[in-house]
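S.K.: Okay, here's what each chain looks like letter by letter:
There are 2 protein chains.
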Amino acid sequence: MFDILFSHIQNKVDLSDEEKTELQSFFISKKLRKKQYLLQEGEICKYISFVSKGLLKSYFVDEKANEHINMFAFEGWWISDFNSFIHQEKAVLNIEAIEETELLMITYEDYENMMLKIPVMDRYFRILYQNSLVTKDYRLIVSNSFTAEEKYIQFAKKNPEVIQRIPHSLIASYLGLAPETVSRIRRKISLQKLDSDQ
Amino acid sequence: MFDILFSHIQNKVDLSDEEKTELQSFFISKKLRKKQYLLQEGEICKYISFVSKGLLKSYFVDEKANEHINMFAFEGWWISDFNSFIHQEKAVLNIEAIEETELLMITYEDYENMMLKIPVMDRYFRILYQNSLVTKDYRLIVSNSFTAEEKYIQFAKKNPEVIQRIPHSLIASYLGLAPETVSRIRRKISLQKLDSDQ
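Residue numbers (my numbering), protein chains in the order written: chain A, -6 to 191; chain B, -6 to 191.
Honestly, I wouldn't trust all of these hints.
[To be verified] With a cut-off of at most 25 Å between alpha-carbon atoms, the simulated PhoX-like pairs for lysine-lysine come out as follows:
1) A:Lys5 <-> B:Lys5
2) B:Lys57 <-> B:Lys28
3) A:Lys5 <-> B:Lys39
4) B:Lys181 <-> A:Lys57
[To be verified] The calculated label-pair distances, taken between Cβ atoms and stated as ranges, are:
5) A:Trp70 <-> B:Lys57: 32 to 38 Å
6) B:Ser176 <-> A:Gln17: 53 to 59 Å
7) B:Ser9 <-> A:Ser0: 34 to 40 Å
8) A:Ile146 <-> B:Glu11: 51 to 57 Å
9) A:Glu154 <-> B:Gly35: 28 to 34 Å
10) A:Tyr131 <-> B:Ile156: 24 to 30 Å
11) A:Ser0 <-> B:Gln33: 36 to 42 Å
12) B:His161 <-> A:Asn59: 27 to 33 Å
13) B:Ser9 <-> A:Glu105: 20 to 26 Å
14) A:Tyr30 <-> B:His161: 37 to 43 Å
Please keep in mind that the hints were generated in silico from the structure rather than gathered at the bench. Here the structure is a predicted model, which is why all the values come from computation and not from measurement. Note that CB positions come from ideal geometry on N, CA and C, so glycine has one too.
Here chain A stands alone, though its shape is the one from the complex (with noise of 0.2 Å):
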């Protein structure tokens, strides 16, 4: 179960056996099904959470009950109510497995702890969160300046298997675009498809 996580670590940095023991002692494991619940609004956030399996989505939900997807995560991400993590508040997310899924937790305590007794750790998530900002900024700017098609042919060359593994639905949310509008969308892309296949 920490051969994903050691492996995600190594990737970016150098991590000796000490280091890997130590840091196991850090973690809980968790086990959710489909459709249960890390984490709902009102809550704090205890945990970030590494996924060794599965695939979860965070979502927030306003007040005419419409959800606003935040983020998917798939095998190797890691998800929380971020801002509700790091400062111990109350989340404004929900976090729920779409499939059966595995994790590696982490509370704030303890994450704060293994990053001063194992300090490559800090390397490590500065260079996850500086890829996560490379991507966001990026979302930002698709968000705010494309239009609903754009929006939708970029997410889909960026993220080919998501198409394929999630429901068109909950892509339109991750969007903030109406699912009859990625539906017109995928028809137009498809009906463009058949006549450039003719």
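Following the hints, put chain B in place on chain A, whose structure we already have.
M.R.: Frame of chain A; chain B shown alone:
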């Protein structure tokens, strides 16, 4: 000029005098006049820059020549086209001084070298990026789920000094709203305020 950088770093981590001297050697300084560019789209963003004085904006220009503000950077903030800086690819953002500005700049190569030579800087940037992710997560939630009026009011509450210091047209662009929409909301708020003051 380095005092504000050191104090910003020492708010998050400890720095010895030797580390400070070493750190200085990685940076160059630059002054910008009002309206002068630090970066134009299509260039490689060679530096990440710390603002020791002044104010800048980074923005994206869409195909219809509309300007979309990505961020504002005040004294004590870092600014770059982060994707371009990290991957040394072509920038999609423009960065321009809104006021007379003084910067401390570091190249990507020196940024990586600095982290290897002064490992506590990994920790500094881990914490900095962590805070930045919290802010961006919140901005994505706002951008996808709030009405125009909610967006403006939330922004004004969180950034009272920005409202004073930055033209309203730029704030509208940052929030992805039309300038007329922001003017309408501002009129409505000040009428409500008049009502409640009576």
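S.K.: Hint by hint, note whether the structure agrees.
M.R.: For each hint, the structure was consulted:
1. A:Lys5 <-> B:Lys5: 23 Å, holds
2. B:Lys57 <-> B:Lys28: Judged against 25 Å, a Cα distance of about 22 Å means the pair holds.
3. A:Lys5 <-> B:Lys39: Given pair Lys5 (chain A), Lys39 (chain B) holds - Cα atoms ~22 Å apart, limit 25 Å.
4. B:Lys181 <-> A:Lys57: Holds, because 23 Å separates the two Cα atoms, which is no more than 25 Å.
5. A:Trp70 <-> B:Lys57: 32 to 38 Å: 35 Å, holds
6. B:Ser176 <-> A:Gln17: 53 to 59 Å: Holds - the Cβ-Cβ distance for Ser176 (chain B) and Gln17 (chain A), about 57 Å, lies within 53 to 59 Å.
7. B:Ser9 <-> A:Ser0: 34 to 40 Å: For Ser9 (chain B) and Ser0 (chain A) the Cβ distance comes to about 35 Å; the hint holds.
8. A:Ile146 <-> B:Glu11: 51 to 57 Å: 52 Å, holds
9. A:Glu154 <-> B:Gly35: 28 to 34 Å: 31 Å, holds
10. A:Tyr131 <-> B:Ile156: 24 to 30 Å: Since the Cβ atoms of Tyr131 (chain A) and Ile156 (chain B) sit about 27 Å apart, the hinted range of 24 to 30 Å holds.
11. A:Ser0 <-> B:Gln33: 36 to 42 Å: The hint (36 to 42 Å, Cβ to Cβ) holds, given that Ser0 (chain A) and Gln33 (chain B) are roughly 40 Å apart.
12. B:His161 <-> A:Asn59: 27 to 33 Å: Check passed, 29 Å falls within 27 to 33 Å.
13. B:Ser9 <-> A:Glu105: 20 to 26 Å: 22 Å, holds
14. A:Tyr30 <-> B:His161: 37 to 43 Å: 41 Å, holds
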